[in-house]
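Number of protein chains: 2
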Amino acid sequence: MFYKRGIIFVISAPSGTGKTTLCEIICKQIPDLKMNISHTTRPPRPNEIDGINYYFIDRQKFQEMIKKNQFLEWAEVYGNFYGTSRKNVEKLLIKGYDVLLEIDTKGAKSVKQIYPESVLIFIMPPSIEDLEKRLYKRDEDSETIKKRLSKVQEEISQMENYDYILVNDDLQEAVKQLSCIIFAERLKTSRIDKEQIKKFLKIEEG
Amino acid sequence: MFYKRGIIFVISAPSGTGKTTLCEIICKQIPDLKMNISHTTRPPRPNEIDGINYYFIDRQKFQEMIKKNQFLEWAEVYGNFYGTSRKNVEKLLIKGYDVLLEIDTKGAKSVKQIYPESVLIFIMPPSIEDLEKRLYKRDEDSETIKKRLSKVQEEISQMENYDYILVNDDLQEAVKQLSCIIFAERLKTSRIDKEQIKKFLKIEEG
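Taken in sequence, the protein lines are chains A and B.
Numbering of the first sequence is given in this note's numbering, commencing with residue 1 and proceeding in unit increments.
Numbering of the second sequence is given in this note's numbering, commencing with residue 207 and proceeding in unit increments.
So that you can see chain A by itself, here it is in the shape it has in the complex (with noise of 0.2 angstroms):
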């Protein structure tokens, strides 16, 4: 209750972790905790709403907004563009908000360069085969799936960027952490308000 807000709580997962059913579940749970809207020129999958999924802009757009230095990070992967635009994820600290950032293992270090405060946690599959057979259930072709796992090893060998790591084994469960991990890090003693705390306790300076 003391916390000064605007926290930055990054994370980052191999794709087909179900990070992003585990992030939108936790920012309904957390009203103060808001997702940033990534910016992408990848096409809309079926049911994908622009502003509410992603921004989604075309490629030319995306040059134009790095060359601006408008983003946080970006990246390509797989041939599409990805970035996090400063001006939303500052719009959304200055209201009060926590802000969550779904990125990848290159963007996450550039996050925390910027802000050192922020937050790293990464999520693991239970297990390589539990990860494949979560990307076959997606759809995605065999080409596809080949390329994400050989990604796997890599990002994982960056987990020690990171400063918490968690398992998606059970969804309810990894949920559980991921709020624990948000609700810690809003008591520690270095995010929080001393001068409120004194106030509270109606503490007069000597």
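None of the hints are false.
List time: in silico DSS-like cross-link candidates among lysine-lysine, alpha-carbon distance up to 27 angstroms:
1. K405/B / K109/A
2. K210/B / K109/A
3. K4/A / K315/B
4. K146/A / K404/B
5. K357/B / K198/A
6. K176/A / K240/B
7. K34/A / K382/B
8. K312/B / K199/A
9. K112/A / K28/A
10. K133/A / K405/B
Just so you know, the hints here were simulated from the structure itself, not pulled from any lab data.
Model the placement of chain B on the given structure of chain A, informed by the hints.
For chain B alone, kept in the frame of chain A given last:
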């Protein structure tokens, strides 16, 4: 599930903040978290049992233990001695338990020096008025209450040394926050056994 066990959680709070109740509840909720039983020369209160609430020992035995360096930390508080046995804490850690220590701000500092990986949590009373009320309820005499209240400000000035600060305004909320800190700490990358993760994921070393 991958963390190397044996985290020491130190809880400090001005007396009357409800930390003992809080610690008891949390240890019941989290079975692999054990509260260390302190040694004291204070006479037992009604309902207190030797070996459960404290190890009640006489001053001579306590002095001997100090001489033999058998305490992780010890303090004289209002004329009575309290101490945390090194051997007892080590026994719990070796058995694979996380250990909860309910000690004062000076003791917390000593423990952090010996175990830098320990987690220090400061519990705040919701207000000074509330603290006063709780102490009166406990039937303390007004001289003791006066002494305790004058110590509160001194203790609160130490909160910067703590990793987390929480307010025991609502007991249920405080229990939830405390358990979140414990669960989140177990997910910290620095406490995770990476070899176990690799084995779990069946990742071969290149």
